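Protein chains in written order, with this note's numbering: chain A, 1 to 251; chain B, 1 to 430.
Do not take every clue at face value.
Output of the computed footprint for chain B on chain A, the stretches with three or more beta carbons under 8 Å from beta carbons of chain B [to be verified]:
no., stretch
1, 41-54
2, 62-76
3, 92-104
Which residues of chain B face chain A? A partial, calculated answer using Cβ under 8 Å [as the list claims (entries may be wrong)]:
no., residue
4, Arg243
5, Arg246
6, Pro375
7, Phe379
8, Val382
9, Gly385
10, Ile386
11, Phe399
12, Asp401
Hints in this document: simulated from the structure, not taken from any laboratory. Predicted model only: the values in this text are computed from it and were never measured. For glycine and all other residues, C-beta sits at the position ideal for the given N, C-alpha and C.
Here's the letter readout for the chains.
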Amino acid sequence: MLKIDDLHVKLEEEDKPILKGVDLHVRPGEVHAIMGPNGSGKSTLSYVLAGRDGYAVTEGTATLDGVDLLALEPEARAAAGLFLAFQYPVEIPGVGNMTFLRTALNAQRKARGEPELNAADFLRAVREKARALAIDSEMLKRAVNVGFSGGEKKRNEILQMAMLEPRMCILDETDSGLDVDAMKLVAEGVNALRGPDRGFLVITHYQRLLDHIRPDVVHIMADGRIVASGGPDLALEVETNGYAGILASVA
Amino acid sequence: MAAPALRTGAAAALLDAWPTPAGEAGWAQAVRARAARRLAERGAPSRRDEYWRFTDPTALTALPATAAAAPQFDEAPVFDAADRLRLVFVDGVFAPELSDPPELAGVEIQPLAAALRSDIHWARELFGALEARGQEPVDRPLAALNTARASEGFAIRATGRAARPVNFVYLHRSETSDALVRHIVRLDAGADLTLLETGPGAARFNKAMEVDVAEGAAFHHVRAQGRDHERRAATAIFARLGRASRFRSFTLTANGRLTRNECVIEFAGPDASAHVAGACVGDGDFHHDDTVFVTHGAERCESRQVFKKVLKAGAVGVFQGKILVRPGAQQTDGYQISQALLLDEASQFLAKPELEIYADDVKCSHGSTVGAVDPTALFYLVSRGIPRAEAEGLLILAFLDEAIAEIEDEGLADDIRDRLAAWVARRRKG
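Could you build the full structure based on these sequences and the hints that come with them?
Structure follows, in structure tokens:
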């Protein structure tokens with residue numbers, strides 16, 4: 001479903017390679033985790049896939065269901081089924097959370113040639129999904145992420161994911177800044193979305209999130225490459241030996 | 001100091017261009033004569049004046065006025081859904097046949113001309129008085145011209161809570177109209193009045209309004225200046241606020257070749273509150289100037305200025321805002337923010353925030369920023385599937401919303417939001 005081949009990326013502004021040949025293949029229904037030390041290129045990978053400015057792809061491909069993601073504008077990637085849950089969700093004063101959600105959902109439906117959701121159906125869907133994530137109506141009414149706690153922002157990301165129902169979800173350090181209870185809520189939200197047609201790429205620094213979102217495959221990323229891949233046990237090994245131990249063993 | 005001959009000559013020409021209204025009471029004639037003398041002595045505005053440095057007044061004073069095509073739009077007038085009393089002007093001339101009967105519980109409404117022919121004490125105290133006070137320390141020659149010559153407009157006195165808003169509707173039909181309109185508005189103690197103003201007015205429009213808000217009264221003013229491209233307008237509001245009164249004024253300006261909106265507010269009694277806000281959007285050959293002067297002359301008053309401008313394709317925005325705190329006006333709370341969102345590098349924002357404080361126990365702050373659309377916020381929105389242009393539109397509306405939020409009536413605020421959303425949507429297509 002998500003197929004990344006030999007992806008090389010550098011910063012647009014300077015000649016500094018960040019990704020140096022990433023290969024990754026997520027099949028429908030699978031949950032992949034990418035772990036790695038700071039600066040290994042994990043977040044860059046998520047941004048490049050989502051289409052953020054400032055990066056230049058110098059080699060390689062990334063496709064979603066055969067569609068060349070790198071040729072699309074970010075909004076078209078979203079409509080094609082890609083979703084990135086941000087490590088730092090952005091506060092947007094003056095744009096209501098509900099307006100934002102509805103605009104996004106209908107823009108995607110329109111791009112796919114589907115009818116827009118009417119206000120009543122939308123409201124019903126949001127309320128139901130928000131309840132599962134313990135997001136109250138007050139939070140829905142506020143401006144996007146403004147005044148939200150760290151945990152509320154992450155839950156809001158998952159709410160967007162639940163509403164937009166993407167094919168392929170990338171979670172960029174969704175566990176950062178979360179306490180155990182908030183992490184559980186987020187993980188439950190993610191697990192509820194798992195299904196045979198949907199893929200996940202969970203980027204995390206720590207193993208603990210993977211106790212709650214059980215991955216099928218774990219990758220270790222270092223210096224712009226995936227240096228090791230394995231089952232969930234690989235994450236436990238990170239927990240026990242640290243990245244240094246794993247990197248030494250694959251070197 | 002004598003003004004240069006060029007300027008006094010221009011002032012004399014302006015005074016000659018409009019007749020002195022005939023048949024008025026002696027007191028009114030005297031007010032007009034004093035205003036004419038002020039203008040004649042001090043001269044027409046010039047780019048050399050401190051408060052005209054950013055805005056060239058030539059098009060506001062040149063004779064004859066430059067023609068401007070009358071706008072033809074298909075959308076319903078602003079505030080059409082609101083239950084209000086409409087008083088319609090066509091090219092600056094009252095059109096009773098297009099208007100509602102000027103009868104409203106809690107409010108006395110009469111044409112300005114009628115008020116100036118009689119001896120109504122409140123009109124006598126108000127007409128030209130606040131304008132004259134507002135000429136110090138900064139000259140306001142276009143307002144002086146208005147006092148000297150304007151015969152169209154209304155004298156409105158709110159004696160209690162107005163049953164519904166009064167809406168001045170200014171239609172622009174003639175390409176060569178050059179109009180002066182003057183209103184005087186008095187709110188008796190405890191009265192409450194909402195005044196709406198809509199429409200471009202004329203090819204060139206000079207409008208002034210004096211508002212006297214007595215103790216405990218509340219004045220709400222919401223104005224949408226119309227979105228025709230060619231209009232040139234100079235407007236002035238002079239307000240005097242009594243003890244514990246409230247003044248709220250919001251202006252939406254979409255397009256217009258040249259717009260100068262002045263607002264001069266004086267706190268005459270303690271514990272009063274005044275908020276002046278503006279949202280302006282300009283695309284192309286557009287120059288918009290907000291010039292505000294708030295004088296805190298009494299204790300414990302609160303003033304707030306919130307101005308937001310979205311500028312595109314060479315549009316120019318100007319903000320000149322001053323807070324003056326007089327000696328003894330302790331515990332003043334003064335706030336001012338002016339911000340521009342530039343959609344390209346051709347556009348320009350010029351800001352001159354000023355604080356002048358002669359009391360030691362006050363809280364005053366001001367801020368002014370200029371910037372582009374935030375790329376981080378934009379990426380967040382597009383990453384959710386919202387097309388870039390639509391996302392940018394959402395961020396533009398969000399930027400303006402702080403000014404719109406100053407409108408207390410939610411229905412009126414939503415109407416303004418709808419107008420702006422339509423403007424943004426049209427830009428997206430263009």
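Consistency of the hints with the structure:
Against chain B, the stretch 41-54 of chain A contributes 4 residues with a C-beta closer than 8 Å to a partner C-beta. That satisfies the three-residue criterion, and the hint holds. Under a criterion of three residues with beta carbons nearer than 8 Å to beta carbons of chain B, the stated coverage of the stretch 62-76 of chain A is upheld, 3 such residues being counted. With a threshold of 8 Å between beta carbons, the proposed coverage of the stretch 92-104 of chain A by chain B holds, since 8 of its residues qualify and at least three are required. For Arg243 of chain B, the shortest C-beta to C-beta distance to chain A is roughly 35 Å, which exceeds 8 Å, and the interface hint is violated.
Because the closest C-beta pair between Arg246 of chain B and chain A is about 25 Å apart, greater than 8 Å, the hint is violated. The restraint placing Pro375 of chain B at the interface with chain A holds, with a minimum CB-CB distance near 7 Å, inside the 8 Å limit. Look at Phe379 of chain B: its Cβ gets to within about 5 Å of chain A, closer than 8 Å, so that hint holds up. At about 4 Å, the closest approach between the beta carbon of Val382 of chain B and any beta carbon in chain A falls short of 8 Å, and the interface hint on this residue holds.
This hint holds: Gly385 of chain B has a C-beta 3 Å from the nearest C-beta of chain A, less than the 8 Å allowed. Interface hint status for Ile386 of chain B: upheld, as the beta-carbon distance to the closest one in chain A is roughly 5 Å, under 8 Å. Given hint, Phe399 of chain B at the interface with chain A, holds; its Cβ is 7 Å from that chain's nearest Cβ, closer than 8 Å. The criterion of a C-beta within 8 Å of any C-beta in chain A is met by Asp401 of chain B, whose closest approach is roughly 4 Å, and the hint holds.
In this structure, the earlier hints numbered 4 and 5 are contradicted, and the remaining ones agree with it.
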